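Protein chains in written order, with the numbering used here: chain B, 1 to 184; chain U, 1 to 426.
Since the hints were made in silico from the structure, they are not lab data.
A few of these clues could be false.
As the list claims (entries may be wrong) - Here are the simulated lysine to aspartate or glutamate pairs, DMTMM-like style, with alpha carbons at most 20 Å apart:
| no. | chain 1 | residue 1 | chain 2 | residue 2 |
| --- | --- | --- | --- | --- |
| 1 | B | Lys163 | U | Asp355 |
| 2 | B | Lys94 | U | Glu230 |
| 3 | U | Lys223 | B | Asp91 |
| 4 | U | Lys61 | U | Glu104 |
| 5 | B | Lys94 | U | Glu233 |
What the hints assert, rightly or not - A partial selection of chain U residues facing chain B, derived with a Cβ cut-off under 10 Å:
| no. | residue |
| --- | --- |
| 6 | Ala12 |
| 7 | Glu233 |
| 8 | Leu237 |
| 9 | Lys334 |
| 10 | Pro386 |
Quick caveat, the model's predicted, so the values are computed rather than measured.
For glycine and all other residues, C-beta sits at the position ideal for the given N, C-alpha and C.
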Amino acid sequence: MIPTGLTSATIGHATPSDAVRVRDTTVISAVCQFLYDEAALLDEWRLDEWLSLFHPDAVYLIPTPEDLSNDPATTLHLVHDSMNTLAGRVDRLKSKHAHAESPRSRTRRHITNVRVWQSPDGLETRSVFQVTRVRGGVVDRYVGVYEHLLVSTTDSDVPWLIKRRRVALDHSIESAGGQLSVLL
Amino acid sequence: MTPSTDSRNTSAKEWVVEDVAAGTFRIDRTTLIDEAVFEREMASVFGRCWLYVGHESEIPKPGDFKARDVGNRPLIFWHGHDGAKRVLYNSCRHRGALVCRIPEGNARGMSCFYHAWTYNSTGALNGVPGDEGYGEHFDRAAMGLLSPPKVDNYRGFYFVCFDPGAVGLKTYLAGAADYIDLVADQADDLEVVPGAHEYSMDANWKLFVENSLDGYHLLPLHKTYFTYLEEREGNTLDRDDTTEALDLGNGHAVICVHGPWARPVARWTPALGEHNRPQVEAKYQELVERYGSERAQMIGLTDRNLLVFPNLIINDIMGVVIRTITPTAAGHTKIHQWSLATAGEDPDLRARRLDSYIAFQGPAGLATPDDLEACEACQAGLRTAPDVTWSDISRGMHREHAGQPSMASDELQMRAFWRRWQSLLD
Ligand code: FES
Ligand SMILES: [Fe+2]
Numbered sequence: 001m002i003p004t005g006l007t008s009a010t011i012g013h014a015t016p017s018d019a020v021r022v023r024d025t026t027v028i029s030a031v032c033q034f035l036y037d038e039a040a041l042l043d044e045w046r047l048d049e050w051l052s053l054f055h056p057d058a059v060y061l062i063p064t065p066e067d068l069s070n071d072p073a074t075t076l077h078l079v080h081d082s083m084n085t086l087a088g089r090v091d092r093l094k095s096k097h098a099h100a101e102s103p104r105s106r107t108r109r110h111i112t113n114v115r116v117w118q119s120p121d122g123l124e125t126r127s128v129f130q131v132t133r134v135r136g137g138v139v140d141r142y143v144g145v146y147e148h149l150l151v152s153t154t155d156s157d158v159p160w161l162i163k164r165r166r167v168a169l170d171h172s173i174e175s176a177g178g179q180l181s182v183l184l
Numbered sequence: 001m002t003p004s005t006d007s008r009n010t011s012a013k014e015w016v017v018e019d020v021a022a023g024t025f026r027i028d029r030t031t032l033i034d035e036a037v038f039e040r041e042m043a044s045v046f047g048r049c050w051l052y053v054g055h056e057s058e059i060p061k062p063g064d065f066k067a068r069d070v071g072n073r074p075l076i077f078w079h080g081h082d083g084a085k086r087v088l089y090n091s092c093r094h095r096g097a098l099v100c101r102i103p104e105g106n107a108r109g110m111s112c113f114y115h116a117w118t119y120n121s122t123g124a125l126n127g128v129p130g131d132e133g134y135g136e137h138f139d140r141a142a143m144g145l146l147s148p149p150k151v152d153n154y155r156g157f158y159f160v161c162f163d164p165g166a167v168g169l170k171t172y173l174a175g176a177a178d179y180i181d182l183v184a185d186q187a188d189d190l191e192v193v194p195g196a197h198e199y200s201m202d203a204n205w206k207l208f209v210e211n212s213l214d215g216y217h218l219l220p221l222h223k224t225y226f227t228y229l230e231e232r233e234g235n236t237l238d239r240d241d242t243t244e245a246l247d248l249g250n251g252h253a254v255i256c257v258h259g260p261w262a263r264p265v266a267r268w269t270p271a272l273g274e275h276n277r278p279q280v281e282a283k284y285q286e287l288v289e290r291y292g293s294e295r296a297q298m299i300g301l302t303d304r305n306l307l308v309f310p311n312l313i314i315n316d317i318m319g320v321v322i323r324t325i326t327p328t329a330a331g332h333t334k335i336h337q338w339s340l341a342t343a344g345e346d347p348d349l350r351a352r353r354l355d356s357y358i359a360f361q362g363p364a365g366l367a368t369p370d371d372l373e374a375c376e377a378c379q380a381g382l383r384t385a386p387d388v389t390w391s392d393i394s395r396g397m398h399r400e401h402a403g404q405p406s407m408a409s410d411e412l413q414m415r416a417f418w419r420r421w422q423s424l425l426d
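Taking the hints into account, I'd like the entire structure generated from these sequences.
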């Protein structure tokens, strides 16, 4: 592969504005466990259980790495899913006709540097991730920041539902796996 | 695969073999895996054809620039402060460093970071530190950033050609110009939406050109996408659709279909939202008044995948996608694509246009990863080329040679590509 040698001048901001940092280690620890559990569902391909972690009005976003700050209504994204389309994406991935994932990739999500804020909308979390994806003997890595907006829920087995999940990648897909057929 | 001396000298006629009487059109698979063939086509195809750089809307203001890699050459597409839009080689005249090292921005000038030679937005060299180190023969005026031998645009689409002896752009485009017109006539003003999809595959670039024009694979390969359209958007594919494939000359080709998805210009479906129905239908009426109903149907209701030889695809389907397909080796290809949209369109329509594009296409779409998987599976299978020599591209030949119209699920469009490829290589 011939690198272009170009580096975007933009760096994604991982710190939410308009929010108060949460220092209570009980809350932080519970958030960490929530994120790890979520990651395990994806790594184990328990996709329906993963979907059940989302609020009905949730959005799932992956911007392109050059335009980390922008809006899916005005900027080309890699993924902009509502619950309707995210469920469609999951249906596809469960099908044996999702050829790019048949046979399936093995993924491992490494989540670290977890920070939590209280915002008027819920708990804002930021964490650093590295997702390794193994398929056909090749290991690809995706690196970036997860942004989760978690809202409290009472009628569920989990303490929160995900209202917004944004995956800010540090690199283009060109240099990581070529395509993005897995969920990040 | 390492270069074989043999494929440096083989006539491409031995690789692209058409036998009309026998109804066969075969491609020697060496052409897809051999590094010597890759080197030949970088010189004979990418070194001689007009190649797409960018759209005028991407650099609207003086100083705006985009760095682009075209034909394996780093270029700067730059709107000069004199008002001219230029394409310049992104390589310092001193010792070669990239002058521009970021993908985009706005600049009055650029300073090379190595020894600080400075160029203004017209490419002229206007600053050399330590002038006294150069004698009177140092001709500063001749040391600006160079331009490729040919740069031109057709209806806002900018192209370069690295062959000074090549025909002009309009002549080169041949019948493809009419199909660029169908895109350009969608609106008074079109703009590339911010953001680009950049992805890649471990497969030969020509496999993705074929894939981009392949109506035959839609149903078998993209079953999950059509299921998604049906279940999530309520749109069903018409299996009796009248489709068309055309050879547009000079290796260019197009397929035309009528898909189940919404077209912002101008086919309303529920995916665009009930509240947007009046404006989409009004847009269609406007096309009818302006161009007559036949042309309005072609602009507004027909989905097209256009190949501008060798590596530009313009998909005018659920929105307009500009795609370039660039080889970096016989078995590796980079793909870049952008969304072209009506400038100033309703924000909600813009948002839905983008959503329906990325559901289908792009590296995380519901269809493109399967296309890449198919090309990579071909590339892996092609390692049998020493024993399993030929690929078959004969579908629809009986129709073609009986003078009957070809369909999108035929392979006329690929034959047009390969015939041109063969003639350039020899
Ligand atoms: S290489 Fe650019 S100034 Fe020396
Ligand atoms: Fe496809």
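Okay, the hints, checked on the actual structure:
Restraint check for lysine 163 of chain B and aspartate 355 of chain U: satisfied, since their Cα atoms lie roughly 19 Å apart, inside the 20 Å limit. Distance hint between lysine 94 of chain B and glutamate 230 of chain U is fulfilled; the C-alpha atoms sit about 17 Å from each other, no more than 20 Å. Note on lysine 223 of chain U and aspartate 91 of chain B: the hinted pairing holds, with a Cα-Cα distance of about 12 Å set against a maximum of 20 Å. Of the supplied pair hints, the one linking lysine 61 of chain U and glutamate 104 of chain U holds, its CA atoms being roughly 13 Å apart against a limit of 20 Å.
Using a Cα cut-off of 20 Å, the hinted pair lysine 94 of chain B and glutamate 233 of chain U holds, with the two alpha carbons roughly 19 Å apart. The closest approach between the C-beta of alanine 12 of chain U and any C-beta of chain B is roughly 25 Å, which is over the 10 Å cut-off, so the hint fails. Taking 10 Å as the C-beta cut-off, the interface hint given for glutamate 233 of chain U holds, the closest approach to chain B being about 9 Å. The closest approach between the C-beta of leucine 237 of chain U and any C-beta of chain B is roughly 15 Å, which is over the 10 Å cut-off, so the hint fails.
Using the Cβ-Cβ criterion of 10 Å, the hint placing lysine 334 of chain U at the interface with chain B is satisfied: the shortest such distance is roughly 6 Å. At a threshold of 10 Å, the smallest CB-CB gap from proline 386 of chain U to chain B is about 22 Å, leaving the interface hint violated.
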